[in-house]
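Got two chains here, separate frames each, mind docking them using the hints?
Now for the letters of each chain:
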Amino acid sequence: VLVLSGKGGVGKSTFSAALAHGLAADEDKQVALLDIDICGPSIPKMMGLEGEQVHQSGSGWSPVYVEENLGVMSVGFLLSSPDDAVIWRGPKKNGLIKQFLRDVDWGELDYLIVDTPPGTSDEHLSVVQYLSATHIDGAVIVTTPQEVSLQDVRKEINFCHKVKLPIIGVVENMSGFVCPKCKNESQIFPPTTGGAEKMCQNLNVSLLGKVPLDPQIGKSCDRGQSFLSEAPESPAALSYRNIIQRIQEYCEQHHFQEEKMI
Amino acid sequence: LPERSNLAGVQHILLVLSGKGGVGKSTISTELALALWHSGKKVGILDVDLCGPSIPRMLRVQDRAVHQCDSGWVPVFVGQDKGISLMSIGFLLERPDDAVVWRGPKKNALIKQFVTDVAWGDLDFLIVDTPPGTSDEHISTVEALRPHKLLGAILVTTPQ
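Protein sequences, first through last, are from chains A and B.
Going by full-length UniProt numbering, the letters in the first sequence line up with residues 1 to 262, in that order.
Going by full-length UniProt numbering, the letters in the second sequence line up with residues 1 to 160, in that order.
Okay, chain B solo, but in the shape it has when bound (with noise of 0.2 Å):
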């Protein structure tokens, strides 16, 4: 029997977006999860900054540790109902401070891993924060993510 995909019960896949470092990308998406999730959503959250994750500590869950399953990881849950589910690089260090120093080919790696091993459920969003530029992470997530629902980019900037 084929498997099935672990992004088969996800609804919709937005990528948040921008050329530029530090114009709220992480931000936004956390803002944007929350958002959703007030409105009785289910969310999940795929931070692909492996160089500078953020979004563990925006929703504070930087102490969490990532378990595995049958089908994979299993995400981190945040709050009571587990409305907002989230996998990033953060939960993977051995300490918050270690440098993830890798080039490219390992980094393609776990992208890969990140979109297709993580066993998300059933979800109306995944949200995917990207880090700034327009390079491996950017090519390896659009290319792992193409044969699924993605609904599309949201970019973001600041006025300069």
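One chain only, chain A, in its complex shape (with noise of 0.2 Å):
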């Protein structure tokens, strides 16, 4: 699964660290998130990984495991200091993420889980194309309310049907605030041109769910803590447990319409 948005600051790698947890929450479920963002790698300090390094052995590069269940892999693993700045053209990233996908020993998984740059541009046309030997069940993308966010988006829907890379759906995050206190419910980003749904229902591709501005989510990101466990009954946790509950239904029957076809 590609975690997409033309958009960036939408919320894509903490989508991409809740849809991770929440897939291996069932501990049968073997479960991997690579990180592709190769200029800004969130997923480290998300997952609570930094300052972890990579192990080389005879089948390859070693992902950083985070449970038993959930391993992960990103460039801020090779970087020998958190602010080192990867200044890398464009041929340089592709290099990186063919081998991110060719020499990293996933083993066996049900899951893999993409975390993508803002953009439409070399890290997702080599990600696809380094993928399209195997099936990627689809991209989810995902922005907020405000139309400069979703001005970005369609072109990020655009380029899905470019080069047929299949729509799961879209998720509209910072989708209104609840004041803890008052119970009041703001728009801190106003859908001025009616949001991702409007966006969804013209373009004709699934709105997965609308996730609510929760400030416990920037908190468990920045201290690499799984929000889903912090919070487990806020309303944003609740909308990320629906959400990713519609991923796995999509992606189950994916693989039964093409076993079906086998």
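A portion of the hints provided could be inaccurate.
DEER-style ranges, computed between Cβ atoms [claimed, not checked]:
id, chain 1, residue 1, chain 2, residue 2, range
1, A, 224, B, 157, 15 to 23 Å
2, B, 64, A, 198, 23 to 31 Å
3, B, 12, A, 216, 37 to 45 Å
4, A, 232, B, 96, 38 to 46 Å
5, B, 82, A, 193, 47 to 55 Å
6, A, 216, B, 28, 22 to 30 Å
7, A, 238, B, 69, 51 to 59 Å
8, A, 84, B, 116, 28 to 36 Å
9, A, 27, B, 159, 34 to 42 Å
10, B, 28, A, 84, 55 to 63 Å
Capping the alpha-carbon separation at 27 Å, the derived lysine-lysine pairs in DSSO-like fashion look like this [what the hints assert, rightly or not]:
id, chain 1, residue 1, chain 2, residue 2
11, B, 20, A, 219
12, B, 106, B, 20
13, A, 162, B, 106
Just so you know, the hints here were simulated from the structure itself, not pulled from any lab data.
Backbone N, C-alpha and C fix where the C-beta goes; we use that ideal spot for every residue, glycine too.
The structure is reproduced here in structure tokens:
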């Protein structure tokens, strides 16, 4: 499952981390999270794995394990210091992405989640190209309600069509804020053009769900904790879990159809 | 006779950067341009975010088109006094939802053109808005701007 957005800062990595934790809650499933944001790798910090290094073995690079059934790979693990900038042009980034896909010893996996940087460029083209030999179930596209975000997300949807990448659906993050004291709801990023809902209707794409702004999410990410575990009853966590379930259903249905065809 | 560079009339060049996406680079670039314009300065904005150009919409000129003149491209003028001029790939797209799905080398070529082939005229400030990251766009922009009066970079972040 690829997690995409045209726009930066909408919550791709945050969602990828939640998706990984959510899927790995089933101990019988083997899950991996691959972070191909080479310039701004957020996943190590969000998964509480800052400072970890990658080990090489006979069978390739070993992912860093958060749980027994949840492995992670990111350029963040290859840096000597977290503030080191990776100032690479496209071809060098493509080379590393190829290595990540070819040389990491993932083992048997039920799910591989790929977190991407914003945009529609080298990283995105490369990962779709390199994975074309296997199959990608589809893309989850993340946005916020504002038009400035949707504008970029529509381009991302077109990118998916262009490279024949199925779209599992769209997640609208930062969708409203409920004050913990007075319980009043505010639209911090007002959906001036109808938000993700209208866009999905117009473009005939599934809206997987809306996740409200919850300061606990940002805190959990900064601290490297699983938000789903820290605040399991919060409206945002419930929303995440519903979305994750819909993604699982899509993937299982997809698999079933594939098997039928064989 | 040596051609006068299109940036010769620009007094100061400011880059707006962040490693992170979605922190408000384009917003700040726009507000900074507007503030400078309100204080009587002539301002240009160069939007080098090729995949997610936000500035045209922020200045409500997303439906405008770019024209060519002898010295290159004419930027889009905002406001009655034309106090703000803007160049963005947003103006070159056939449809606003068209994705610019380019690899590095093609992006680098366009950025070079944007830096050298836009007829900015006389400007007090040229603000360069960038996409998130530290990759092709950033390397190419700094390389192309180095011979000129690069004032410096403003870095934008959020608290987290």
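These are the hints, each one checked on the structure:
1. In this structure the hint that residue 224 (chain A) and residue 157 (chain B) lie 15 to 23 Å apart at CB holds, the actual value being about 19 Å.
2. At roughly 25 Å, the beta carbons of residue 64 (chain B) and residue 198 (chain A) sit within the given window of 23 to 31 Å.
3. For the hinted restraint 37 to 45 Å between residue 12 (chain B) and residue 216 (chain A), the CB-CB distance of approximately 43 Å keeps it satisfied.
4. A hinted range of 38 to 46 Å holds for the C-beta pair residue 232 (chain A) and residue 96 (chain B), which are about 41 Å apart.
5. Distance hint for residue 82 (chain B) and residue 193 (chain A): a CB-CB separation of about 28 Å, inconsistent with the stated range 47 to 55 Å.
6. For residue 216 (chain A) and residue 28 (chain B), the Cβ-Cβ distance of about 27 Å falls inside the hinted range of 22 to 30 Å, so the restraint holds.
7. Checked against the hint of 51 to 59 Å, the C-beta distance between residue 238 (chain A) and residue 69 (chain B) comes to roughly 57 Å, which is consistent with it.
8. Between residue 84 (chain A) and residue 116 (chain B) the beta carbons are some 32 Å apart, a value that agrees with the proposed interval 28 to 36 Å.
9. Separated by about 36 Å at the C-beta atoms, residue 27 (chain A) and residue 159 (chain B) satisfy the suggested range of 34 to 42 Å.
10. Remark: the range hint 55 to 63 Å for residue 28 (chain B) to residue 84 (chain A) is contradicted by a beta-carbon distance near 26 Å.
11. A C-alpha spacing of about 17 Å is found between residue 20 (chain B) and residue 219 (chain A), which places the hinted pair at or below 27 Å, so the restraint holds.
12. The straight-line distance between the Cα atoms of residue 106 (chain B) and residue 20 (chain B) is roughly 23 Å, inside the 27 Å bound, and the hint therefore holds.
13. Only pairs whose Cα atoms come within 27 Å are accepted, and residue 162 (chain A) paired with residue 106 (chain B) is accepted, the gap being roughly 18 Å.
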